[in-house]
Amino acid sequence: MVMIETLQALAEPNRFRIVEFLRGGPRPVGEVVERLGLRQPQVSKHLRVLSEAGLVDVRVDAQRRIYGLRAAPLRELERWIRRYRRIWEANFQRLDAVLEELKAKEKKRGSKKRKSAD
Amino acid sequence: MEAKSERAPIKKNSGTLKVTTPSDREVAMTRVFDAPRRLVFKAWTTPELMKRWLYGPEEWKLAVCEFELRVGGKVRFEWRNSEGKGMGLTGVCREVVVPERLVFTELWDEDWTGGETLVTMVFAEDASKTTVAQTVLYSSQAARDGALKTGMEHGAAMSYDRLAELLPSLA
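Residue numbers (this note's numbering), protein chains in the order written: chain A, 1 to 118; chain B, 1 to 171.
Heads up, some of the hints might be wrong.
Unchecked claim - Each computed EDC-like pair below joins lysine to aspartate or glutamate, with the alpha-carbon atoms no more than 16 angstroms apart:
no.	chain 1	residue 1	chain 2	residue 2
1	B	K85	B	E59
2	B	K51	A	E12
3	A	K45	A	E12
4	B	K129	A	E100
5	B	K129	A	E12
6	B	K42	A	E12
What the hints assert, rightly or not - Short derived list, chain B residues pointing at chain A, Cβ under 10 angstroms:
no.	residue
7	V19
8	P22
9	P36
10	L39
11	K42
12	W53
Stated by the list, open to error - Partial list, derived from the structure: chain A residues whose beta carbon lies under 8 angstroms from chain B:
no.	residue
13	V33
14	W88
15	E89
16	R94
17	D96
18	V98
19	G110
Quick caveat, the hints were computed from the structure, so don't treat them as lab data. This one's a predicted model, so the numbers in the text were calculated from it and none came from an experiment. All residues carry an ideal CB built from backbone N, CA and C; glycine is no exception.
Produce the complete structure using the sequences and hints provided.
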């Protein structure tokens, strides 16, 4: 399943930072290394994972390998998250309404009870 | 009694849903409700009340709801959508402390969580508001199977906030 790969790739903090950095547009590996303060082999390893997950693609420009983000897996992920949250948010908003009703009912009953008890 | 009018309307200005991952096998969801906990507990465990809110997207309904509130009691939910598609889960109550704590198992009919999950719900009241913390513990099998659901939720919880920012730049 594509989305699990996306999530596993993003769940590593440095990979997430790389993805965030690439938001500004495609960048050569050297710049990623410099900006993130990581070592080149580490960055290359992370970029390979991101690439395998389909999150980035690479093009070669003269001597440089330039990495850029691919939108499709992130869009799919975002759809999934939105759906998951929306389901529970909708549930809980309806539950809020049910609770208002229960509170109102109890208040009515409670005030009667309290009167008779006083 | 399944009429649309029975359904609770969507209310604005409600509490914020928080999703976190306390451990590799758990996903926790926290939400504050503006009601005393005995009412929140009641709304969460009484089938006719649950049917009014626990059904997800509008085109679905909670068609079957059994929640036997005792240790060893049966749990059964069946949702159906307007196209007749369905999904369901079965479980057993493990702990019942009214109105504080509930522990029950869940197993989806189409086992997409890689085995049974254990749901723990804690209802905490403060100043007549109730915080409900729902923690789902996935089986070790699920964890082993590429942490299907846990993996998804882990990533989701972690990256949700910044992801929303990230997406427009990819247009």
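Going through the hints against the structure:
1. B:K85 x B:E59: holds, 11 angstroms
2. B:K51 x A:E12: The hint is violated at about 39 angstroms.
3. A:K45 x A:E12: holds, 12 angstroms
4. B:K129 x A:E100: holds, 12 angstroms
5. B:K129 x A:E12: Roughly 37 angstroms separates the two Cα atoms, so the pair is violated.
6. B:K42 x A:E12: violated, 41 angstroms
7. V19: holds, 8 angstroms
8. P22: Constraint on P22 of chain B not satisfied, violated at 16 angstroms.
9. P36: Holds: closest Cβ of chain A sits about 8 angstroms from P36 of chain B, inside 10 angstroms.
10. L39: Holds, because the Cβ-Cβ distance from L39 of chain B to chain A comes to roughly 5 angstroms (cut-off 10 angstroms).
11. K42: holds, 7 angstroms
12. W53: holds, 4 angstroms
13. V33: violated, 21 angstroms
14. W88: Since the shortest Cβ distance to chain B is 6 angstroms, the answer is holds.
15. E89: holds, 6 angstroms
16. R94: holds, 4 angstroms
17. D96: At about 4 angstroms, which falls below the 8 angstroms cut-off, the nearest Cβ of chain B leaves the hint on D96 of chain A intact, so it holds.
18. V98: Check passed: Cβ of V98 of chain A comes within 5 angstroms of chain B, closer than 8 angstroms.
19. G110: Constraint on G110 of chain A not satisfied, violated at 11 angstroms.
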